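J.: Required output: the full structure, derived from the provided sequences and hints.
Number of protein chains: 2
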Amino acid sequence: MSGHSSAGSTSGGGDKRERILEAAIRVFAGKGFFNSKVSEIAREAGVADGTIYLYFKSKDDLLISLFEDRMERINQALRERLPREPSAEAKLRRFIEMHLDLVEKHRALVEVLTVELRQSAKFMREYKNPKFGEFLRLLAAIIEDGQRAGELRAGVPPTLVARAIFGALDELSLARALGKSDPISATQVADLLLSGLRGRRHT
Amino acid sequence: MSGHSSAGSTSGGGDKRERILEAAIRVFAGKGFFNSKVSEIAREAGVADGTIYLYFKSKDDLLISLFEDRMERINQALRERLPREPSAEAKLRRFIEMHLDLVEKHRALVEVLTVELRQSAKFMREYKNPKFGEFLRLLAAIIEDGQRAGELRAGVPPTLVARAIFGALDELSLARALGKSDPISATQVADLLLSGLRGRRHT
Numbered sequence: 001m002s003g004h005s006s007a008g009s010t011s012g013g014g015d016k017r018e019r020i021l022e023a024a025i026r027v028f029a030g031k032g033f034f035n036s037k038v039s040e041i042a043r044e045a046g047v048a049d050g051t052i053y054l055y056f057k058s059k060d061d062l063l064i065s066l067f068e069d070r071m072e073r074i075n076q077a078l079r080e081r082l083p084r085e086p087s088a089e090a091k092l093r094r095f096i097e098m099h100l101d102l103v104e105k106h107r108a109l110v111e112v113l114t115v116e117l118r119q120s121a122k123f124m125r126e127y128k129n130p131k132f133g134e135f136l137r138l139l140a141a142i143i144e145d146g147q148r149a150g151e152l153r154a155g156v157p158p159t160l161v162a163r164a165i166f167g168a169l170d171e172l173s174l175a176r177a178l179g180k181s182d183p184i185s186a187t188q189v190a191d192l193l194l195s196g197l198r199g200r201r202h203t
Numbered sequence: 001m002s003g004h005s006s007a008g009s010t011s012g013g014g015d016k017r018e019r020i021l022e023a024a025i026r027v028f029a030g031k032g033f034f035n036s037k038v039s040e041i042a043r044e045a046g047v048a049d050g051t052i053y054l055y056f057k058s059k060d061d062l063l064i065s066l067f068e069d070r071m072e073r074i075n076q077a078l079r080e081r082l083p084r085e086p087s088a089e090a091k092l093r094r095f096i097e098m099h100l101d102l103v104e105k106h107r108a109l110v111e112v113l114t115v116e117l118r119q120s121a122k123f124m125r126e127y128k129n130p131k132f133g134e135f136l137r138l139l140a141a142i143i144e145d146g147q148r149a150g151e152l153r154a155g156v157p158p159t160l161v162a163r164a165i166f167g168a169l170d171e172l173s174l175a176r177a178l179g180k181s182d183p184i185s186a187t188q189v190a191d192l193l194l195s196g197l198r199g200r201r202h203t
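Here the protein sequences line up with chains A and B, keeping their order. Heads up: the first sequence begins at 1 in the numbering used here, then just goes up one per residue. Heads up: the second sequence begins at 1 in the numbering used here, then just goes up one per residue.
Calculated directly from the structure, the hints in this document are not laboratory data. Just so you know, not all the hints are guaranteed correct.
Since the list gives no way to pick out one identical chain from another, each pair is judged satisfied if it fits inside one copy or across any two copies.
[As the list claims (entries may be wrong)] Derived DSS-like pairs: lysine-lysine, alpha-carbon spacing no greater than 27 Å straight-line:
hint	residue 1	residue 2
1	37	105
2	59	37
3	16	180
4	31	59
5	57	105
6	31	16
Since we're looking at a predicted model, the values are computed, not measured.
T.: Here it is, written out as structure tokens:
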């Protein structure tokens, strides 16, 4: 988590940086990125306005750092857990479970990641969003391995599959984060993606 | 297309209203909703700033009217075309084709709808987004009919399926609209959704 600013590495600074990030999640989730002010985040974090600028260059930098930091945590968790699973199908099921679990446990974070990440695709065009790219590649690698092993259907680009799966999960997560749906069953979603929509008599 | 403002119904006003909406699509797609100014949209449309306020109460109202108008067109096209298809599977294939076709032909619109619609989920919470709800219900109805006919797998809530399909298409459309992917094959996406990820030997 190198971040965009170096101040985060000063001893003892980690806690304060983390407090600011946590506060930013709450404020961004509540008001949206564009409507949020750095001073509100400072108040929420219990620090002086100027303190935020010791850790982050700007509100944009704060959002980008938040993405990098949290996406890296998610990627880290995936890198740790997925290799333990015995098959591509088991890996996919675990991936879906972990994703939907995040929504239940960290709803404000998911709201920021799903809503603002998309907005950010535009206003941060020059920022390549490397951690999200890594996240997609982790998912595409599962698909590619599964295709190579004959476990998953071949002939579809793994990147397309990864984007489709992410999109499905992301939309379901957004609906859940915004309180528009009940908790989502990971098993139902995994069955749907693995077995498809067709009824049995058509398979 | 009743819209939020009544001025759109004055005779001859339709053209100007439409010109403003077209200009808004280009400006919102180029700079994002939050960074766009009503005066820029007026310039792009070749009308005076004040003219916009004859048709729309505010920038928010313009975005909402844009959604309602274009989503209604999309829903209208779906209501016309889908009933001609003989089965739930054929309807779904047509739905996917029409969605991906829109991305190729109206990229800026898709960029606004995919990016700003999501952002709008937050800042327009009190606006229920009825046309998007209708769009999702159209899709859920195909699933429900297919399940009832035994053509599609039962036991999964049609709304969940509709959201998952929309999410997959939406993410693929966004990647395409932002120039991050090649044209997307509707057949590949439909096959994937209908037959699932599992390889043949597992079905």
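J.: Work down the list of hints and note, for each, if the structure agrees.
T.: Evaluated hints:
1. 37 <-> 105: This pair counts as within: shortest intra-copy Cα distance 26 Å, inter-copy 38 Å.
2. 59 <-> 37: both (8 Å within a copy, 21 Å between copies)
3. 16 <-> 180: neither (34 Å within a copy, 37 Å between copies)
4. 31 <-> 59: both (14 Å within a copy, 18 Å between copies)
5. 57 <-> 105: neither (29 Å within a copy, 40 Å between copies)
6. 31 <-> 16: For residue 31 and residue 16, the Cα distance is within 27 Å only inside one copy (22 Å; across copies 34 Å).
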